[in-house]
Amino acid sequence: MVAASFCLAVTMFAGTFVSGTHAVDVYNAATQAGMGPPANYFALSPWWLNFFANKPAVLFDHQVLGTLTAVTVLVTATISLRGAFPPAIRDPALAIGGLVLLQYVLGVTALVSQLMDAGVAHQLNAVLLLASLVWLLHGLRNVAAR
Amino acid sequence: MRAGDKLVSNWLLLLCFMVFGIVAGGGHARTIGAGFILQVWRPVTGFLPPSGPAEWAKLFHLYQQTAQYRAHAMTLAEFKSLFWPMFLDRVWGRLMAVVLLVPLAWFWWRHRLSNRLAIWLLVLFAAGGAQAAFGWAMVRTGMWPGVTTPPPQFLAPHFLSAMLIFAALLWTALTVRNPQPARIEGAAHLRPWLNASIGLIFLTMGLGALVAATNAVTVFNTFPTMDGNWIPPGLLVLHPAWLNFLANQATVQFDHRVFATITALTVLTTAVLGLRAPLPPGPRDSFLLMAALVALQYLLGMLTIIMGSANLGYIHELNAVLLLAAAVTARHGLRNTLPGAMLSPSMAAAE
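Top to bottom, those sequences are chains F and C.
Residue numbering for the first sequence follows numbering that gives the first Met the number 0, starting at 0 and increasing by one per position.
Residue numbering for the second sequence follows numbering that gives the first Met the number 0, starting at 0 and increasing by one per position.
To be clear, the hints were calculated from the coordinates, so they are not data collected in a lab.
Bear in mind the structure is a predicted one, so any value in this text is a computation, not a measurement.
Some hints here could point you the wrong way.
Unchecked claim - A few chain C residues that face chain F, going by a derived Cβ cut-off under 10 angstroms, partial list only:
{"no.": "1", "residue": "Val271"}
{"no.": "2", "residue": "Arg283"}
{"no.": "3", "residue": "Asp284"}
{"no.": "4", "residue": "Phe286"}
Even for Gly, the Cβ is constructed at its ideal location relative to N, Cα and C.
For reference, chain C alone in the conformation it holds in the complex:
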């Protein structure tokens, strides 16, 4: 691999952008309630739209077997209006596979990728395939009796695994761009703070997916308390107790609020420490961006809950992806840091 291959890096960044796009498409499909609409999966030929009335009738008939349809019937026209966003999200996934595999084959053949990097990218491709298969398993839960929306134990892992792939792709793209990082002295203490921030962002995003999956945005539309309680009643009404952490609206919203606050404080502390450290402009700007995005994220979360708006929650979800990207970029910029001298140069001279 050549040092700092910009073209390869841009290609991988394009794939990161496409992951953001599929989160936007999937989140939109979820927000409008289209998750169960397309009850077939043809991994390769699925990019072809329905060819005629007969095929539409077949697809509609399949959807009519779901508990969601039985709870809330719809016309063929309504079915079609929900079908297209879901269909496009899946076509976008296939397009991502093409955008990954075709340049990969070309660059590898031209020896522009090391074998190690090419195999790593194939691993990420396999992860994307597994992500698609898991998404299909989630769609199939529509055939389970009584399941009218994608269950939390499917939705949250589906979202978090997409975020893991996103973070891995972004890290790889940045490493290809800047293979030999400049040494930064006096910034090693920031790395555990950033690791903690990234871990907490992941955790809070998973909890946010549970809020979306249980439609918990519709309850406790007050801030900072939950209808007057700092800790809402009925956190453990479901049996067994662990089920509350997946399916109880009060519990999942409370968890998301508590961890969002812990995460915001941790990220802001990290940003202050980073902005006070002697960092070069690149990493410094990623700390600034991270601070701005986490503040916006908290504000969006507050507004989402007081307005009880699933649409605003969708914007809140997309901003979370940007926040994760900023934190990963900041961490990447610090991968070759050293601890600072015990004394500043002026102090050492005085000694």
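Same shape as in the complex, but just chain F:
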């Protein structure tokens, strides 16, 4: 659960660089650019600048982190839903599961459509997902191991 929240925070942070550099521009359906690791990840110098300003690298980071986060959140949701917990835990678990799926679909949509509106919806949905994770954490603040 804490792992899922941490993953989400890092991915949202990486997402701000995608937005800030307009990194979706590098996506090209014909060449498959923007899908898979970029050929020249460390094009910029000094090397750390690539994490913030190299568009293909920034986009790739966000994709990898987004996928890791989605898997972590889905595992968290599945464990929470299979645990036969009371509604105060079950409902936020459903919310994080549903919102992370929506978030991933919106992310792919924002990339392939290059629609600014889809990117904005993707950003706002990230906030809702974060809120749901806080909601679930709050419901779990007094749990004991079995």
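Assemble the complex: chain F is given as a structure, and chain C must be docked to it using the hints.
Using the frame of chain F, we list chain C on its own:
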């Protein structure tokens, strides 16, 4: 029939798995363009591979009569490489008949099956035979002038009837495993939602078969719009108008997109309702599985269309079968549900 006969149930589940296998084999044959390659059907002796050069020459000569060959000639070596996948898919079908009939005869003779169940399984066998005959009719359309790929009006019914047989087999296997379902209170409202989900999954799968049959994956490789249009132009350019819903690439892809979205939303809503209901672990897990598979299915569909990849479309097709299985399993788990009390126990006590 004994209550909860696990062996019989496992045998029927093996047959379900074999239906999945023949969908994989048939889908592969379609994806590589081998549908018309084998222009003979010997229902019983067809499991024997070609015996020598003379027989290969005969089979190749038959294929050379098809419009597909005339549009795109090939060598004998290319013919053979396409022949084997198609041949194996058909041998798999014959193997399924053996795996159905031999244990059926044994179990029936040992009185391990009720007459009713045995006759029902013979009905499913006949359905499988009809499915094979219909598949053969589809192969024969290769001899029609100008028909270079299996036509949509054959491909989609061939796929949907396979799915009906699959769902019926799965339901039967689960019923044999669990003949007297536990009563579940407060979950009756889920049944119409699951019925709607299963109906929509069937419909969307049929529309997906039309996308495959018309090779519509090659056009409008964008999402969410279709080359910038929410509704693409030229949806009704063919005459008569109904032909567009079978053969117009823009129309069949648009239909599949719209119904896929409606289906995904319906299945997800059903899953949320199911996961909020007081269900025992078995049915609850099938709702979880259904939610995961429908999300994966939508994502696979998006990727298939933006990459324009028929190979990914094939994976998307196989995942659809798994999604259908999850939905049917969820519905089966709820066949003895009751409506919930109007008030929760605590509220009723307060009253």
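So, going through the hints one by one against the coordinates:
1. Val271: Holds, because the Cβ-Cβ distance from Val271/C to chain F comes to roughly 6 angstroms (cut-off 10 angstroms).
2. Arg283: Where the cut-off is 10 angstroms and the nearest Cβ of chain F is about 7 angstroms from Arg283/C, the hint holds.
3. Asp284: Hint holds; Asp284/C Cβ to chain F Cβ min 7 angstroms, cut 10 angstroms.
4. Phe286: For Phe286/C, the interface hint holds, since the closest Cβ of chain F sits about 9 angstroms away, which is under 10 angstroms.
Comparing the model with each earlier hint shows no violations; every hint is respected.
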